[in-house]
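Make the full structure from the sequences, and use the hints.
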Amino acid sequence: MLGGVTTGGWRERFLSDDGVVLQAPAAAVDLAAAETALDATLPEALRELYLVTDGVFDGPGQWFVVWPLSDVVERNRADWSSSVQGTARVDLVGFGDDGAGAPFCVPRAGGSGVFVWSAIDAAATRLADTVEEFYARWQASSLPPY
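For the sequence shown, my numbering assigns the number 3 to the initial residue and increments by one for each residue that follows.
Think of the hints as simulated: they come from the structure by calculation, not from any bench. Careful: at least some of the hints might be erroneous.
[Stated by the list, open to error] Computed Cβ-Cβ distance ranges for the label pairs, DEER-style:
(1) Thr38 - Ser143: 27 to 37 Å
(2) Gly103 - Val23: 19 to 29 Å
(3) Ala124 - Glu14: 15 to 25 Å
(4) Gly21 - Val92: 17 to 27 Å
(5) Asp41 - Pro62: 18 to 28 Å
(6) Ala142 - Ser83: 18 to 28 Å
(7) Gln141 - Ser114: 18 to 28 Å
(8) Ala29 - Pro147: 17 to 27 Å
(9) Val92 - Asp20: 33 to 43 Å
(10) Val31 - Glu76: 17 to 27 Å
(11) Asp20 - Ala90: 17 to 27 Å
No residue lacks a Cβ here, since even glycine has one placed at the ideal position from N, Cα and C.
Structural data, given as structure tokens:
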């Protein structure tokens, strides 16, 4: 619990990873504002992650694996309005990337799964069933190839 809010064990996950740099937690009001701005429902696990840290920075790689909420709103709006991204991308909310620009995404309507979006193929590849599984696989360098 963090200030009366469940955080789904994220703090413990982050403590076991010495390569991440955590940010100040996002406020619940900021999460609600981001979901409203994107007309999206984020999975509960991703909401819990943001209540622990507003973004996850990979120190060794020098990039945000999980973007700060302000970037989530800005980048998705830009991608959704871009004809290059294709129409299928509007069904997904990007929340981070692989360090080379391919966004990690969750279903915009709040369904299950974490995907990586290929702008070249205009297609999503499923990486994990849950945000927790995705993060554990990323942390262990065992995400499926994409």
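These are the hints, each one checked on the structure:
1. Between Thr38 and Ser143 the CB atoms are about 35 Å apart, so this pair conforms to the stated range of 27 to 37 Å.
2. Restraint check, Gly103 to Val23: a C-beta distance of roughly 20 Å satisfies the suggested window 19 to 29 Å.
3. Take Ala124 and Glu14: their Cβ atoms lie about 37 Å apart, and the range 15 to 25 Å is violated.
4. The supplied range of 17 to 27 Å is broken by Gly21 and Val92, whose beta-carbon atoms lie about 33 Å from each other.
5. Taken as a hint, the range 18 to 28 Å is violated for the pair Asp41 and Pro62, whose Cβ atoms sit roughly 35 Å apart.
6. Remark: the range hint 18 to 28 Å for Ala142 to Ser83 is contradicted by a beta-carbon distance near 35 Å.
7. Taken as a hint, the range 18 to 28 Å holds for the pair Gln141 and Ser114, whose Cβ atoms sit roughly 20 Å apart.
8. A C-beta distance of roughly 37 Å is found between Ala29 and Pro147, which places it outside the suggested range of 17 to 27 Å.
9. The hinted range of 33 to 43 Å is satisfied by Val92 and Asp20, whose Cβ atoms lie roughly 37 Å apart.
10. With their beta carbons about 18 Å apart, Val31 and Glu76 fall inside the hinted range of 17 to 27 Å.
11. Take Asp20 and Ala90: their Cβ atoms lie about 37 Å apart, and the range 17 to 27 Å is violated.
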